[in-house]
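Could you build the full structure based on these sequences and the hints that come with them?
Chains as they are written, first to last, in numbering that gives the first Met the number 0: chain V, 0 to 114; chain Z, 0 to 137.
A hint or two may mislead.
What the hints assert, rightly or not - A short, non-exhaustive set of chain V residues, derived as facing chain Z with CB atoms under 7 Å:
id, residue
1, Glu18
2, Ala22
3, Ala25
4, Cys26
5, Phe29
6, Trp110
To be clear, the hints were calculated from the coordinates, so they are not data collected in a lab.
None of these values were measured; they are calculated from a predicted model.
Ideal Cβ positions, reconstructed from N, Cα and C, are used throughout, including at glycine.
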Amino acid sequence: MSPLFIFTETPNNNTQAREGVEALLACAAFDQKPTVMFIDQGILQLIPQADQIGSKNLNKMLQALEIYGVESIIVCANSLARFGVKLAELKPQGKLITLSERASIIQHAAWVACF
Amino acid sequence: MASQEAGFFMASFSICIKAAPQASGAAHGLEFAKACIAQGHSIVRVFFYGDGVYLGLKTQALPQGEICWGKLWQNFLVDHKIDAVVCIAAAVRRGIVDAAEARRQNLDIDLLREGFVLSGLGQWIAANSTADHTMSFG
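Shown next, in the form of structure tokens:
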């Protein structure tokens, strides 16, 4: 059983998304093999963005997740459909899951953190 | 209570507070933590992250009649000798420093409430791995 991080926030609204990624990277650094799940508005974090004035590009950090040991990246198909976003537009792409799979993944996690 | 006598119902909790002092998560988290202790459970650690780090800021002063949740958290944590860690990265980016961190910035101040310590995210990860249950608020 591995920790599960669920990201639900838009990338640049506040520091929550960024602090979620920092927590996820810390978890990976402790060799916990975390899974990260993008749902609701969180899927917008996976769309490559232009650099924002005064802040680091969050999507570029996400594109480096695999290097930092976050190998399991999953994306809710319902959320993608809701925002009219295609999997091919995402970076990193991650694995598509359905709503029922989403429930079972949460159920089987060692612990869950939501950002 | 039966759960206390039986012993094996007792569980350990890792609690993370991400809510700012005036947000409901700060209050709900405290009520939850108090209920844990009241029912004989244990709290491995309370980790303050995101805007929750403001709960460890001792210079916050509220107008009369308003509740200072940071103070209430401090009373609870000190009374029950619960390990309280404020995320150093989240705190410093918001201007909250303890004496040691202030010295690094050539300042002679200490803004952290007594009973709280500044440390890294590893403390949160470790508590989550140790505890039976992980809870977060905010």
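List in ascending order the numbers of the hints, as given earlier, that are violated by the structure. none
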